[in-house]
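Trainee: Sequence:
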Amino acid sequence: MAQSGTSKADSETTKAPATTSAGAPVLNEDESTGKTTIASSVVQKVAGMAAREVSGVHELGGGVSRAFGALRERIPGSGTAATAGVAVEVGEKQAAVDLDLVVEYGARIVDVAKAVRRNVITTLEQITGLEVIEVNIAVNDIHLPDQDGEESDTSPRVE
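If you're matching positions, the sequence shown starts at 1 in the UniProt record's numbering and goes up one per residue.
No lab work stands behind these hints, which were simulated from the structure alone.
Since this is a predicted model, take the numbers as computed values, not measurements.
Where hints are given, some of them may not hold.
Unchecked claim - The calculated DMTMM-like cross-link candidates involving lysine to aspartate or glutamate, where the alpha carbons are at most 25 Å apart (straight line), are:
hint, residue 1, residue 2
1, Lys93, Glu125
2, Lys45, Glu125
3, Lys45, Glu92
4, Lys35, Asp146
5, Lys35, Glu125
6, Lys35, Glu92
Model the full assembly from the supplied sequences, consistent with the hints where possible.
Mentor: Written out as C-alpha coordinates, the structure reads:
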(Lines of atoms letter the chains of each structure in order from A and count residues from 1; the text may use other names and numbers.)
(Lines give C-alpha, C1' and ligand atoms only; values in the text may rest on other atoms or scores of the structure.)
Protein backbone atom coordinates (compact mmCIF):
# COMPACT_ATOMS: atom_id res chain seq x y z
CA MET A 1 0.00 0.00 0.00
CA ALA A 2 1.57 3.34 -1.07
CA GLN A 3 1.59 6.27 1.31
CA SER A 4 1.73 9.90 0.43
CA GLY A 5 5.13 11.56 0.97
CA THR A 6 3.74 14.40 3.10
CA SER A 7 1.43 14.21 6.03
CA LYS A 8 -0.90 16.90 7.33
CA ALA A 9 1.60 17.67 10.12
CA ASP A 10 4.40 18.07 7.57
CA SER A 11 2.38 20.49 5.46
CA GLU A 12 1.52 22.60 8.50
CA THR A 13 5.14 22.92 9.57
CA THR A 14 6.38 23.94 6.13
CA LYS A 15 3.99 26.89 5.82
CA ALA A 16 5.58 30.25 6.45
CA PRO A 17 3.91 32.08 9.33
CA ALA A 18 1.68 34.89 8.14
CA THR A 19 2.15 38.55 8.94
CA THR A 20 0.05 41.61 8.35
CA SER A 21 1.13 44.39 6.03
CA ALA A 22 2.40 46.28 9.09
CA GLY A 23 4.62 43.35 10.04
CA ALA A 24 2.60 42.39 13.13
CA PRO A 25 2.64 38.69 13.92
CA VAL A 26 -0.35 36.58 13.01
CA LEU A 27 -0.99 33.90 15.59
CA ASN A 28 -2.97 31.06 14.08
CA GLU A 29 -3.88 28.03 16.07
CA ASP A 30 -6.55 27.02 13.61
CA GLU A 31 -6.45 28.81 10.27
CA SER A 32 -9.97 27.74 9.36
CA THR A 33 -11.51 29.96 12.05
CA GLY A 34 -9.60 33.17 11.40
CA LYS A 35 -6.37 34.84 12.37
CA THR A 36 -5.13 36.96 15.25
CA THR A 37 -2.66 39.80 14.95
CA ILE A 38 -0.91 41.59 17.81
CA ALA A 39 0.35 45.13 17.25
CA SER A 40 3.79 46.04 18.54
CA SER A 41 2.20 48.83 20.61
CA VAL A 42 0.25 46.17 22.53
CA VAL A 43 3.45 44.25 23.26
CA GLN A 44 5.09 47.52 24.28
CA LYS A 45 2.31 48.38 26.77
CA VAL A 46 2.24 44.88 28.28
CA ALA A 47 6.02 44.92 28.75
CA GLY A 48 5.86 48.35 30.39
CA MET A 49 3.11 47.32 32.79
CA ALA A 50 4.96 44.12 33.70
CA ALA A 51 8.17 46.06 34.41
CA ARG A 52 6.35 48.58 36.61
CA GLU A 53 4.87 45.76 38.74
CA VAL A 54 8.29 44.86 40.13
CA SER A 55 9.25 46.24 43.53
CA GLY A 56 12.25 48.56 43.27
CA VAL A 57 11.28 50.05 39.91
CA HIS A 58 10.45 53.73 40.38
CA GLU A 59 9.60 54.47 36.75
CA LEU A 60 10.60 53.72 33.18
CA GLY A 61 12.45 55.93 30.72
CA GLY A 62 15.55 58.04 30.52
CA GLY A 63 15.61 61.70 31.47
CA VAL A 64 14.44 62.97 28.08
CA SER A 65 11.65 60.43 27.64
CA ARG A 66 10.43 61.09 31.21
CA ALA A 67 10.35 64.84 30.51
CA PHE A 68 8.34 64.35 27.31
CA GLY A 69 6.08 61.89 29.12
CA ALA A 70 5.37 64.45 31.84
CA LEU A 71 4.46 67.03 29.19
CA ARG A 72 2.32 64.54 27.28
CA GLU A 73 0.32 63.65 30.41
CA ARG A 74 -0.59 67.33 30.91
CA ILE A 75 -2.12 67.64 27.45
CA PRO A 76 -5.77 66.53 27.46
CA GLY A 77 -6.47 63.63 25.13
CA SER A 78 -2.83 62.79 24.51
CA GLY A 79 -2.92 59.61 26.58
CA THR A 80 -0.46 58.41 29.17
CA ALA A 81 3.21 57.65 29.03
CA ALA A 82 2.57 53.90 29.38
CA THR A 83 5.22 53.10 26.79
CA ALA A 84 7.94 55.54 27.86
CA GLY A 85 11.23 53.72 28.27
CA VAL A 86 10.01 50.62 26.43
CA ALA A 87 11.10 49.59 22.94
CA VAL A 88 10.10 46.31 21.32
CA GLU A 89 10.85 44.38 18.17
CA VAL A 90 8.06 41.99 17.28
CA GLY A 91 8.54 39.21 14.77
CA GLU A 92 6.26 36.44 13.58
CA LYS A 93 6.60 34.31 16.71
CA GLN A 94 9.14 36.13 18.86
CA ALA A 95 9.66 39.46 20.57
CA ALA A 96 12.65 41.35 21.97
CA VAL A 97 12.27 44.08 24.58
CA ASP A 98 14.53 47.00 25.59
CA LEU A 99 13.74 48.78 28.87
CA ASP A 100 15.14 51.97 30.44
CA LEU A 101 14.63 51.90 34.22
CA VAL A 102 14.86 54.26 37.16
CA VAL A 103 15.47 52.16 40.28
CA GLU A 104 14.60 53.10 43.86
CA TYR A 105 17.59 53.96 46.04
CA GLY A 106 18.49 51.03 48.28
CA ALA A 107 17.18 48.36 45.94
CA ARG A 108 19.79 45.91 44.70
CA ILE A 109 19.98 46.74 40.98
CA VAL A 110 20.98 43.23 39.90
CA ASP A 111 18.02 41.69 41.73
CA VAL A 112 15.60 44.30 40.36
CA ALA A 113 16.84 43.67 36.81
CA LYS A 114 16.43 39.89 37.21
CA ALA A 115 12.93 40.29 38.62
CA VAL A 116 11.93 42.71 35.84
CA ARG A 117 13.32 40.39 33.16
CA ARG A 118 11.51 37.37 34.64
CA ASN A 119 8.19 39.24 35.03
CA VAL A 120 8.29 40.76 31.53
CA ILE A 121 9.06 37.40 29.90
CA THR A 122 6.40 35.53 31.87
CA THR A 123 3.71 38.16 31.36
CA LEU A 124 4.36 38.69 27.64
CA GLU A 125 4.45 34.97 26.89
CA GLN A 126 1.23 34.37 28.85
CA ILE A 127 -0.71 37.30 27.40
CA THR A 128 0.52 37.36 23.81
CA GLY A 129 1.76 33.83 23.17
CA LEU A 130 4.96 35.24 21.65
CA GLU A 131 8.32 33.79 22.66
CA VAL A 132 10.41 36.50 24.31
CA ILE A 133 13.99 35.94 23.18
CA GLU A 134 15.62 38.78 25.13
CA VAL A 135 14.91 41.58 27.57
CA ASN A 136 17.67 44.19 27.63
CA ILE A 137 17.65 46.49 30.66
CA ALA A 138 19.44 49.81 31.02
CA VAL A 139 19.34 51.42 34.47
CA ASN A 140 19.62 55.13 33.73
CA ASP A 141 18.98 56.64 37.13
CA ILE A 142 18.35 56.01 40.81
CA HIS A 143 15.42 57.68 42.53
CA LEU A 144 16.44 59.20 45.85
CA PRO A 145 13.82 59.58 48.61
CA ASP A 146 14.25 63.38 48.71
CA GLN A 147 13.53 63.74 44.97
CA ASP A 148 9.76 63.57 45.45
CA GLY A 149 9.49 67.35 45.25
CA GLU A 150 8.96 67.71 48.99
CA GLU A 151 10.69 70.52 50.80
CA SER A 152 12.98 69.41 53.60
CA ASP A 153 11.74 70.18 57.12
CA THR A 154 15.14 71.30 58.35
CA SER A 155 15.85 74.95 58.90
CA PRO A 156 18.33 76.68 56.61
CA ARG A 157 21.97 76.64 57.71
CA VAL A 158 22.48 80.32 57.03
CA GLU A 159 20.07 83.13 57.86
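Trainee: Hints first: check each against the structure and report whether it holds.
Mentor: Quick rundown of the hints versus the structure:
1. Lys93 x Glu125: Cα-Cα ~10 Å, so holds.
2. Lys45 x Glu125: Within the cut-off at roughly 14 Å; holds.
3. Lys45 x Glu92: holds (18 Å)
4. Lys35 x Asp146: violated (51 Å)
5. Lys35 x Glu125: Distance of about 18 Å is within 25 Å: holds.
6. Lys35 x Glu92: holds (13 Å)
The structure fails hint 4 only (numbered hints given earlier).
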